[in-house]
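Undergrad: Same order as they appear, the protein sequences are chains A and B.
Mapped onto this note's numbering, the consecutive letters of the first sequence carry residue numbers 1 to 208.
Mapped onto this note's numbering, the consecutive letters of the second sequence carry residue numbers 1 to 208.
It should be emphasised that the hints constitute simulated quantities derived from the structure, not laboratory data.
Check the hints yourself; a few may be wrong.
As the list claims (entries may be wrong) - Covered stretches of chain B (in silico footprint by chain A; criterion: 3 or more residues with CB under 8 Å from a CB of chain A, positions within the stretch not fixed):
| id | region |
| --- | --- |
| 1 | 13-19 |
| 2 | 153-159 |
| 3 | 191-197 |
We put the CB at the ideal spot given by N, CA and C, even for glycine.
2 protein chains.
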Amino acid sequence: MTEHTPTPALVTEHPERIPGYTYGTAQAAVSPLTLEDLDRLKAAVWLTADDEEALREAAEILADQADDMVTAYRARLGLQPWLGGYSGHPDGTPNPGYGAATKPRFDRWIIDACTRPLDRDWLNYQHEIGLRHTRARKNTTDHADSLDHIPMRYLLAFTAVVIATAPTYLAAKGASAEHVRRMHSAFTKSVMLHVTVWTRPYVDAANW
Amino acid sequence: MTEHTPTPALVTEHPERIPGYTYGTAQAAVSPLTLEDLDRLKAAVWLTADDEEALREAAEILADQADDMVTAYRARLGLQPWLGGYSGHPDGTPNPGYGAATKPRFDRWIIDACTRPLDRDWLNYQHEIGLRHTRARKNTTDHADSLDHIPMRYLLAFTAVVIATAPTYLAAKGASAEHVRRMHSAFTKSVMLHVTVWTRPYVDAANW
Numbered sequence: 001m002t003e004h005t006p007t008p009a010l011v012t013e014h015p016e017r018i019p020g021y022t023y024g025t026a027q028a029a030v031s032p033l034t035l036e037d038l039d040r041l042k043a044a045v046w047l048t049a050d051d052e053e054a055l056r057e058a059a060e061i062l063a064d065q066a067d068d069m070v071t072a073y074r075a076r077l078g079l080q081p082w083l084g085g086y087s088g089h090p091d092g093t094p095n096p097g098y099g100a101a102t103k104p105r106f107d108r109w110i111i112d113a114c115t116r117p118l119d120r121d122w123l124n125y126q127h128e129i130g131l132r133h134t135r136a137r138k139n140t141t142d143h144a145d146s147l148d149h150i151p152m153r154y155l156l157a158f159t160a161v162v163i164a165t166a167p168t169y170l171a172a173k174g175a176s177a178e179h180v181r182r183m184h185s186a187f188t189k190s191v192m193l194h195v196t197v198w199t200r201p202y203v204d205a206a207n208w
Numbered sequence: 001m002t003e004h005t006p007t008p009a010l011v012t013e014h015p016e017r018i019p020g021y022t023y024g025t026a027q028a029a030v031s032p033l034t035l036e037d038l039d040r041l042k043a044a045v046w047l048t049a050d051d052e053e054a055l056r057e058a059a060e061i062l063a064d065q066a067d068d069m070v071t072a073y074r075a076r077l078g079l080q081p082w083l084g085g086y087s088g089h090p091d092g093t094p095n096p097g098y099g100a101a102t103k104p105r106f107d108r109w110i111i112d113a114c115t116r117p118l119d120r121d122w123l124n125y126q127h128e129i130g131l132r133h134t135r136a137r138k139n140t141t142d143h144a145d146s147l148d149h150i151p152m153r154y155l156l157a158f159t160a161v162v163i164a165t166a167p168t169y170l171a172a173k174g175a176s177a178e179h180v181r182r183m184h185s186a187f188t189k190s191v192m193l194h195v196t197v198w199t200r201p202y203v204d205a206a207n208w
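I would like the entire structure built from these sequences, with the hints used as guidance.
TA: Below you can see the structure in the form of structure tokens.
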């Protein structure tokens, strides 16, 4: 897939100008979760005040690497031809326009995962992201010609790549091994919190 | 909850004697997944031959710490009273007998996650573990008086704790920082592979 590197300033300074990025707006979905649900999930991943501080530090280090991280994720995904139809056309052939449209939002997610307060806007936009992986809303934001549903198992499994590759990026600016460990632990918890909430649209309320 | 430390030899040397541990037997569930499904999930988490080697090394380091790891996980879970009914009695009061019954299997899972070949027996027993978290089979193995279903969101969210706390245990025997990083990366991928497969009973086949 051709990758169009977005203007860094778009992702870091003016996310509100990213097409389809509806964080904090009325265009985002309304999450069925309560703030108490969120507090309990935050406790379940064990995200502490120290982790939140470490995430802010990670954001400084990752911001100008976010686009490279997503490029690397996609290179890995590109080696799995059975996944091609989810990011490409339904027959798996490349769909560079779709890839270019989603990339600034994916880049921005990395920054958001380290910086956004966990509040009602967070809940709503994470629900929106979840919906955009499923038949409910996949492809609609970008009017894309692509398969209309990403199986939940691949969403979960790929989380391992996001978590396991993070130390290289966290270490890229010279942080000490202990500092990288601390930021990586916080990043792991944040990623799992996000991905957990993204699974809500896949599962009956009584099971989720 | 009172924790009864199991005999280490039971967990490490004679797992077949652990009550309710049906790995590799006809008593385990039959997974609906194919070996091709498994190969694709293994690719999705990016578990490489080098990771499998690192997992064998991790197993040597973790084997006699597995029980302590599970004790620590449960201490963390014990701080979340809204989870009490899943491991305790339905009203959340402690159920030490149930905790003691499940602990050797949980301990053994840590060793298995580092050592078991990814084959049909693996698929079947992971499906069994998934079912034992849900209304299909929770409580039946141990005839336990407890809530009959663990919401999927807590299963996923708690994965963050298992992954984020692993470096301390991996470093406990003096491995270098780079060796710990390598084993931690492999462990992360293995844990996500397991947890992904455990979610199968929670989700309709068309969504999973």
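Undergrad: Hint by hint, say whether it matches the structure.
TA: How the hints compare with the structure:
| no. | hint | in the structure |
| --- | --- | --- |
| 1 | 13-19 | violated (count 0) |
| 2 | 153-159 | holds (count 6) |
| 3 | 191-197 | holds (count 6) |
When held up to the earlier numbered hints, the structure conflicts with hint 1 and nothing else.
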